[in-house]
Every structure is written in C-alpha cells, then in structure tokens.
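Given the structure of chain A, go ahead and fit chains B and C onto it with the hints provided.
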Amino acid sequence: MSNEKQGLRKIGTVPVFLTLVLLLVACVLPFVVSNYRTFQLTLVLVYAIALLGLNILTGYNGQISLGHGAFYAIGAYVAAMLMDQAGMPYWATIPIAGVVCLVVGFLFGLPALRLEGLYLALATFALAVSMPPILKAHFLEKWTGGVQGIVIVKPDPPAWLAAAGVKLNADQWLYYFVLAIALVLFVVGWNLISGRIGRALIAIRDHHTAAEAMGINTAIYKSLAFGVSAMYTGIAGALGAIAVQFVAPDSFTVFLSITFLVGIVVGGLASLSGALYGALFIQFVPNIADELSKAAPWAVFGVFLIAFVYLMPTGVAGALRVLLSRRRGGKLLQPKEAVP
Amino acid sequence: MEAVLLQVLAGLATGSIYASLALALVMIYQATHLVNFAQGEMAMFATYIAWSLVNAGMGYWPAFLLTVLIAFVLGVLIERVVIRPVENAPVLAVVVVFIGLLVILNSIAGWIFSYTIKSFPSPFPAALGIRYMSPHQVGALLVTLLVLALLYVFFRFTPLGLAMRAAAQNPVSSRLVGIRVGWMLALGWGLAAAVGAIAGMMVAPIVYLDPNMMAGILLYAFAAALLGGIDSPGGAVVGGLVVGVLENLLGAFVIGNELKLVVALVLIVGVLLVRPSGFFGSVQVSRV
Amino acid sequence: MNRTLFPVAALLAAALAFPAYAQKKYDPGASDTEIKIGNTNPYSGPASAYGAIGKSIAAYFRMLNERGGINGRKVRVISLDDGYSPPKTVELIRQLVEQEKVLCTHNTLGTATNTAIHKYMNAKKVPQLFVATGATKWNDPKGFHWTMGWQPNYQTEARIYAKHILQTKPNAKIAVLYQNDDYGKDYLKGFEDGLGAQAQKMIVAKASYEVSEPTVDSQILQLKSSGADVFFNITTPKFAAQAIRAAYDSGWKPTHYLNNVSNSVGSVLKPAGLEKAVGIITSAYVKDPTDKRWASDAGMKTWREFMAKYNPDGDTSDPFNVYGYTVAATLEQVLKQCGDTLTRENVMKQAASLKRFRVDTLLPGITISTSPNDYAPIEAMQLERFNGQQFELFGEVISNEQ
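So the sequence lines, in the order shown, correspond to chains A, B and C. Residue numbers for the first sequence follow our numbering, beginning at 1 and rising by one. Residue numbers for the second sequence follow our numbering, beginning at 1 and rising by one. Residue numbers for the third sequence follow our numbering, beginning at 1 and rising by one.
There could be a bad hint or two in this list.
[Said to hold, decoys possible] No farther apart than 27 Å at their CA atoms in a straight line, the calculated lysine-lysine pairs in the DSS-like style are these:
1. LYS119(C) / LYS349(C)
2. LYS349(C) / LYS336(C)
3. LYS55(C) / LYS294(A)
4. LYS355(C) / LYS74(C)
5. LYS74(C) / LYS24(C)
6. LYS119(C) / LYS137(C)
7. LYS167(A) / LYS301(C)
8. LYS154(A) / LYS101(C)
9. LYS142(C) / LYS201(C)
10. LYS142(A) / LYS119(C)
11. LYS142(C) / LYS154(A)
12. LYS189(C) / LYS167(A)
13. LYS294(A) / LYS101(C)
14. LYS55(C) / LYS336(C)
15. LYS301(C) / LYS270(C)
16. LYS294(A) / LYS189(C)
17. LYS119(C) / LYS36(C)
18. LYS119(C) / LYS154(A)
19. LYS118(B) / LYS301(C)
20. LYS142(A) / LYS201(C)
21. LYS36(C) / LYS294(A)
22. LYS142(A) / LYS125(C)
23. LYS55(C) / LYS118(B)
24. LYS125(C) / LYS142(C)
25. LYS142(C) / LYS349(C)
26. LYS118(B) / LYS309(C)
27. LYS349(C) / LYS309(C)
28. LYS355(C) / LYS137(C)
[As the list claims (entries may be wrong)] Quick look at which bits of chain B chain C covers, simulated, 3 or more residues with Cβ under 8 Å:
29. 201–209
30. 214–227
No lab work stands behind these hints: they were computed from the structure. C-beta: ideal position from N, C-alpha, C; glycine also.
So here's chain A without its partners, still in its complex pose (with noise of 0.2 Å):
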C-alpha cells in the first residue's frame, strides 16, 4: 500500500498552496460574515472532525460503524458534566472526552474484533440506539439531567485576549478555538494516516488475512482504529455541546450516527479533505432542503442524497482527484473504495 504514501507526497505545490489560502480564508471569515454565520461554520468545523474520526475507521480502516453518534454524545455529555457539576472550565473539559471516547471506544473495538460488515454494523447500530435509554436511566439521572438535560454556559473570549488588545465576541472567539483544535487533529491525523500505522490500517482494510500473515498485529491496529476514530468524534462531540451549550438525549438519535456515515461518504471515504466537504454537505444541504420544500424536505434531501452518490460516487475528494490529476494530464489515480 505504498501507494497511498506517494500519493500523499505526489500531493505537490499546488494542494499544498491551496491549503494555505484555505486556512487563510478561514481565518479571516469571522471578521467577513455575520455571527450566525460563524456559529454555522463551526459547527462544520465540529461536524469535519467527527467525520475525521469515523473516516479513519470506516475510510480508511473499512470498519464500518453506524454508531458514531454514540461517541459524539458521550463527548459532549462528559464535556457538559464536567462543565455543570465540577465547574470545570470549557476547555480542559475536551482533551478528558477525549480521553474518556478514546478507553470507550477502544473497549468497544475489542469485542468488534470479531464482527465485520453486517454484523459490525449492527453492532454499531444497537450502539446508536441504545445511547438515549442509556442517558436517560434513572440511575445516571443525577449527572446526565435524563430526560432534561444539561444546559451549560457559553464561553467568553479569555481576558488576556482582550488585554493583548484583540477583540473578538463570544462567537468569533469559539471559532477559533475549535477550528484550533480542528487544525490540530487534521494534522495529527495526517501524521497517522500517511504513516507506518496507516499504512497498516489500509493494509487490513484492503486485505485481513494477508495483513495478518505479514505480521501487522490486527487485532490491535483495529482496535486502536477504534478508540482514535472514537477520541475523534468526542472531542467533536464535546466542541458541539459547548457550541450549542445544550445537551438532551434527543439530541443524539440514530439518526445523527447515519448523518456522520452520509457525510463520509458524500466527503469522499479514505480522504482527509473528504471530511470537510461531509462536513458541509450534512451542515447545509438539509437547510436547502427544506427551504425548496416544506412539505417533504426530506425527499428533497434525499434525492440530493442520490444525486451526489451518482455523480461522484467515490465522494467529493475522489471526485476532486479524478479532476485534478486529469487537469495535469497525469494518470488517473484510483481512488479506492472502502469495503466493510
């Protein structure tokens, strides 16, 4: 699979060039846009980590999951609890989510073990449905809030900010910090991805047995994949809480664990960048959705849904890529496809 590693060094001036624009754009897009807009897009900025997380396992690791939601509620209720009953400030509450997903999902992952494709998508499955019961038991009510919820403050820019002289509102402050955060984990992930353990990571994806037989420890790297995808998603999971400053069981449905695997998917599987287009088609398109239709917005949804799988069936990346390495006349590079 080295492959993947030239094609991660083929990348070249160009992405690279484009990178930095990107990052300055979204540097400087706070002071540009409204604050509702800022709010929108960290939340894409939340939703591209948590999609990072589940890419690392479904794209890259071909784990499937349809319970990613589970570790984006366990992220944002330890965040949430932290915050409310210890009275701890927002941002320690975020490496120890990570922490706490990272144990939950690595233990997760070692029964997974044993379970592939289908069964692992039940398995993930009964994950995401069980979430909600599970924060609303009495037993947990003292912590959790069950059925109510916690409700938590939103954080304001720190004072040396303000003393260094630069002024930002509540909004703009929290952007930053998570597209900080978000900046850190792309780069970590990056690291990992195009490293020895990716490398792993794909060769079992791709080939189970022949990986074993070369001597990759599997279980381990699976399980590892795992616990790192769920650190992913909760720390994701726990920016949100503190975005949205609210957290309920309602919240956290089944359905948000399909969104995350929509998003991968439409991002592109197997594609770091990939995250951040998911990222922005499951933050937008259902509000275009439903501003074409308010009868049934959900077809609407739907049939761009479809649209997007039969255009770009290896996602946004795969269909960038096909693009690009065309414009330079090169050989196509074959995206390739994740199989649960």
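Chains B and C in isolation, oriented as in the chain A frame:
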C-alpha cells in the same frame, strides 16, 4: 406463572412482526448480498397502497394480491432505475443510496397520506383467536410461516430460485452458465419488496399505519435476521420470535422497560460474537 | 352625542390619536408594511406529525394577510425545519433572530428544542412566544421574562386527574403507562404531586416505553397483572390507540384516564375501536375536529372553511390543525394589541396582558388570560368522558387561574 406465559405469547406476536420484515431483509440479501435499509419504508409505502385500495372500495384479498403485485413491480423498478447506476460504486455508497431511498419514501408518504395514524383492516376471522392472542396475531404468525414455506420451496426447488441464489453467490460463473445476473438482481428486489409488502400489511393492524411505522421495527428485524443467520429464511423467523420474546421477558421481569432494548441488543451481539453465522446461517469462508 | 360637544370630542380624539401615531415604534422585524415572525417545526424526521401545526399557522397568516393583515401590516411567518433536533433548533433560531431579524418567535415546537434556545432568547431579549410544549418551566416570568407557554401544562393537567381520582375513588390502585421522555416524566410528576402523600400507596405499577418501540402490548400486560383498577395513560397518539386496544383485548377493565395529547376521537379512539374506548376520561381545552358534538358548531365551521381554503393539504381529522389555528389566533390578538408600537418589549407586555381572550375553537368556557406574573395563557380544562360516540363534558371548567 400466567404472567410469564402472557409475556411469552405477546412476545411471539411482536416477534412475528420482526420476523416478517427480517424475511424481506434475508430475501434481498440472498439476491444482492446487501442489507437494504430502505426495506422497512418500502413495506410501509406498499401498505399505504393497500390502504388506498381498500378505502377505494376494493375487497381485502384482491387489494392484498394487487398490492403484492404492485410492490413487486416497484421493487424491480427501484433496482433498475435507482440501484443499477451505482452497481459498481463502493458498498458504502450503495448504503447511502438506501438511506436516500428511506428518507424519500418516508417523506413522500407523510406528504401524501399525512402523519395521523390510520387503522388497517385485518382479514382474519374471530375464530382464529386463542385465549391470549387476538385473531390477527395468530393470523399474522401463520402468514409469516406460510411465506417462509413458500420461500423455502422457491429457493430450493424452482429453477428461478436456484438461479437467483447462484447469481448472488457467484455472478461471474452464473453468467457463464447463461443466467441473466442483472435480471436476477432485479427479481430479487421485486421479491423482497413483495415479501415486505406482506409484512407491512400484517404489521399495520397491530402497530397502526403511519409513515414511521417501520422505522423502529427495522433495527429489530436486522437483529433478528443476523441472529437467525442472514442467509437463512427459517433463521430469520426464529430470530424474530426469539427477539420478541427475549425483549418482553427482560422488560417485564429482569431489567425493566427502560433498558430492555439495550440489554437485548447486548445479548444478541454477544451471541453473534460466539456464533458469527447466527443460529442457522452458513459459515463464511474467505480465500486469500 | 351632543352637537356642541362634537368638535371638542373630535379634537380630543385627534389629540389622543396623534401621540399614538407619533409613537409608532419598531424593533427589528417590524415596519410600516410587515411584521416578521419566526418559527421552528419538525417537517422531517420521526416527529414530522407535529409539522401540521407549523403548516396551519402559516396558513392562518396567509388568510389574515389576504384580509388585510394586522393594523395594515402583513405578517410574514418564516418557519424552518429543525427535525426535532435541539442543535439544529439553536442554529435555525440564530438564523431567524440574527439573519432574518424576526420580531419574535412563535410556537417553536418541542421541550428539548425550546430548552436549547431558552437562554439565548432571553439573553437576546427576543420574545419566545407561546411555545408548543406543555412543560411547566415556561411559566417563569421572573427568571425568563421573554419566554411564554401557551397550552395548559402537563403537570396541571395530571393534577386534575389526580384530584378526580382522590374524590371519586380514594382507594384506587393505579397503574401508569408513560413515554420515557420529558413529556412523560412531567405528567408523571404532576400526577404524583397531585396524589400527594397517597402517591406511594396508590400507584401500584409504572411502565415506560420508548418512541422507537413497535408496540406497548408488553407494558399493558405488566400493568394489568398488577391488579390495578385505575389506568393513567400518558402516551402519544399511536401508542395511546395501541394501549386502549390492548387493555380492552386483555380483558382489563380499569377506569381509564387518557392524557389530553391523545384524546382525538378521529385519530386515536377510532383506530383503537370506539367500543373499546367507552368510559375513557380525559380533559380538553380545544374542540376536537372529529367529535360529532361540534359538527354544526359555528367556530368549527369557520375552521373547516379555513382548512378548505387555506390549508387544503391538511388533514381535517388532525387536531394539530385546530391547535395551530388557535395558537395563531392568539398571536394575532397580541399583535393587534400592540398597535403601532411593535417593539419586542411591547410584544411581551401585550402577550402578558391578554384578558379572557377567546378563540371559537376553544371549548366553551375556556379563555386565555395572562399577566406580568402569569405566563400561562391557558390554564383551564374540562373533564370529559367518552360514551362510545363522542365525549361528554362533565363537572365544571377546572381552572388553576389564581
């Protein structure tokens, strides 16, 4: 003791609901090796067609047969028009198309028929009822078993059924022996839709007809199908009944209603860890 | 009027009218020609049934605009689909308040969704009027000046049943079926509070269900085997119909109390089987569109004409369409009272000074009253019993208005 018996019988009744949709899932799996997440919504939509026919004055059984036929045609059409273009796309892309179908059917049903619940007639005579089960519950169970028997015969003994199985298991070789694989897939979709329509018409009198009728049931059916063995129709029925009874007993006597589903799912996944092919499924062997 | 006094009176009137004219004041969302109102509803997803409310509200204002609007201004309702998901509601409400700049929001639907925007609306000082949920927390004028409920709250209603049970059957053994969410738990709490010290003893069985469950048959069997002789049924329409049928079919014959949420004859009792629903006690505040009692009622006739003309896609057996119509009429009254002072403060002030306001789709005797210390517009309900054909009101209008 009577309380236990009551819960078991009620569990069998709900279990037969899961079983009937699980059968449709197994059908589509037999034909395509995929699990169609839109199967429940297709069944729901077919049930609305039946409801409209009955409301237009048609007798129950003619409406029943006509609906099964319409569902079959719609299933074939969906395969030809919606699924065929993504034939060679990654599996997950196909799954997303299923999700697209699910939301479209759900939304359009709500738009056309509104979201208020509708009662759906039951064709079974009162004489069918036994002490603790209503006539419809007994009838639905019998119909599920009948469909199972028909499917068994179809796949075991008819050339068409055998060809369909062959096409799903080994498309390349099947093509070589002259089976039209593409049409076999379409037929599989049609049959699954027809079985789903029967499931919908058996379920609706119990849970009432509304656009979200099947949303909750899909998970149970999925679990039942895997528990029984995804390539075994008989297993799907047994799996459905087991899930129904298990859930009722857990809710009533063990863990309480709040967490009965969670515990039931943990148990099912636990069984699958030990026996990945389910009760009756065939063991999959993969080659390097 | 005395002729000599006439010019004086005219002058006086002009003098009175003039300041009012001069005081024409607007906040964002209001102008000489238009008033913008925001709303969120689930038009997609598992809770889409409620979407009927948003659609009938929009239809109501379409009708109103055709007839000239309110004080010469057209009302524009911007209703967005939140799919019943709190994070989405937060996003959309920010769109409505910050982007669309609505004057106020109206009848945003759902308890969790409204909780998610509760703080935001009050921080922004934008009226969050007549929310579509019966939770008790919306009546908190001191803590949340900018938020107001509309329908009778779940706890009050449950207390009415508890009181009735204590009066008529003090030795009752009660079984409760409830939906495991904020709505179900709110009812349960009100019910237990209403029974007071007796609650522990009288409630012999409780069973919950999740909305994702296909049936509640198992729960009904559990409750039946407790030997209870009173059944309090806290369920949404589909499950209510299932519970009524299952209880009857199992041979359980308790005194059956059904929550207001599901007391529609056409969309609950009829699917369950009218003969199986005989004797059910419930309470109501709006007229049921499928109840024969109101077949020739003038108010409902107007409503049916409205449905035919402005909401032709709507289901005329769906009580949500009456709900939407009635709550829209309440907002119309508030905006009328605002006159030309369309500021958010005044909207809140007028919403808090409704005096025995009536819409003809409300049950006889039910009126809408509010005050700066009372943010619960409808607090009265009346008990009724099903006779196999229709509900019969009994007892008096029970009001919590203090």
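To see whether the hints hold, each was checked on the structure:
Restraint check: the Cα-Cα separation between LYS119(C) and LYS349(C) comes to about 19 Å, which is no more than 27 Å; the hinted pair holds. Restraint check for LYS349(C) and LYS336(C): satisfied, since their Cα atoms lie roughly 12 Å apart, inside the 27 Å limit. Under the criterion of a C-alpha separation no larger than 27 Å, the hint pairing LYS55(C) with LYS294(A) is consistent with the structure, at around 8 Å. Only pairs whose Cα atoms come within 27 Å are accepted, and LYS355(C) paired with LYS74(C) is accepted, the gap being roughly 25 Å.
Proximity of LYS74(C) to LYS24(C) is assessed by CA-CA distance (about 16 Å); at most 27 Å being required, the pair is judged to hold. A hinted pair counts as satisfied when its Cα atoms are at most 27 Å apart, and LYS119(C) with LYS137(C) qualifies at roughly 12 Å. Between LYS167(A) and LYS301(C) the CA atoms are separated by roughly 59 Å; this puts the pair beyond 27 Å, and the hint is violated. Pair hint LYS154(A) plus LYS101(C) holds up; C-alpha atoms about 22 Å apart against a cutoff of 27 Å.
Pair hint LYS142(C) plus LYS201(C) does not hold up; C-alpha atoms about 36 Å apart against a cutoff of 27 Å. Taken as a hint, the LYS142(A) and LYS119(C) pair is honoured in the structure, with Cα atoms around 22 Å apart against an allowance of 27 Å. The straight-line distance between the Cα atoms of LYS142(C) and LYS154(A) is roughly 22 Å, inside the 27 Å bound, and the hint therefore holds. With a C-alpha separation of about 47 Å, the suggested pair LYS189(C) and LYS167(A) falls outside the 27 Å cut-off, and the hint is violated.
Restraint check for LYS294(A) and LYS101(C): satisfied, since their Cα atoms lie roughly 21 Å apart, inside the 27 Å limit. A C-alpha spacing of about 22 Å is found between LYS55(C) and LYS336(C), which places the hinted pair at or below 27 Å, so the restraint holds. Note on LYS301(C) and LYS270(C): the hinted pairing holds, with a Cα-Cα distance of about 22 Å set against a maximum of 27 Å. Pair hint LYS294(A) plus LYS189(C) does not hold up; C-alpha atoms about 36 Å apart against a cutoff of 27 Å.
Of the pairs offered as hints, the one joining LYS119(C) and LYS36(C) holds, with about 21 Å between alpha carbons and a cut-off of 27 Å not exceeded. Between LYS119(C) and LYS154(A), the direct Cα distance comes to roughly 10 Å. Compliance with the 27 Å bound is thereby established for this hinted pair. Taken as a hint, the LYS118(B) and LYS301(C) pair is honoured in the structure, with Cα atoms around 24 Å apart against an allowance of 27 Å. Annotation: proposed proximity of LYS142(A) to LYS201(C) holds, straight-line Cα distance about 25 Å (limit 27 Å).
Pair hint LYS36(C) plus LYS294(A) holds up; C-alpha atoms about 18 Å apart against a cutoff of 27 Å. Using a Cα cut-off of 27 Å, the hinted pair LYS142(A) and LYS125(C) is violated, with the two alpha carbons roughly 31 Å apart. Proposed proximity of LYS55(C) and LYS118(B) is supported: the alpha carbons are some 21 Å apart, at most 27 Å. With a C-alpha separation of about 14 Å, the suggested pairing of LYS125(C) with LYS142(C) holds against the 27 Å cut-off.
Pair hint LYS142(C) plus LYS349(C) holds up; C-alpha atoms about 14 Å apart against a cutoff of 27 Å. Distance hint between LYS118(B) and LYS309(C) is fulfilled; the C-alpha atoms sit about 24 Å from each other, no more than 27 Å. With a C-alpha separation of about 33 Å, the suggested pairing of LYS349(C) with LYS309(C) is violated against the 27 Å cut-off. For a cut-off of 27 Å, the pair hint linking LYS355(C) to LYS137(C) stands: about 22 Å separates their Cα positions.
Counting residues of the region 201–209 of chain B whose beta carbon lies closer than 8 Å to any beta carbon of chain C gives 4, which meets the minimum of three for the stated coverage. Requiring three or more residues with a Cβ within less than 8 Å of a Cβ of chain C, the coverage given for the region 214–227 of chain B holds, as 5 such residues are present.
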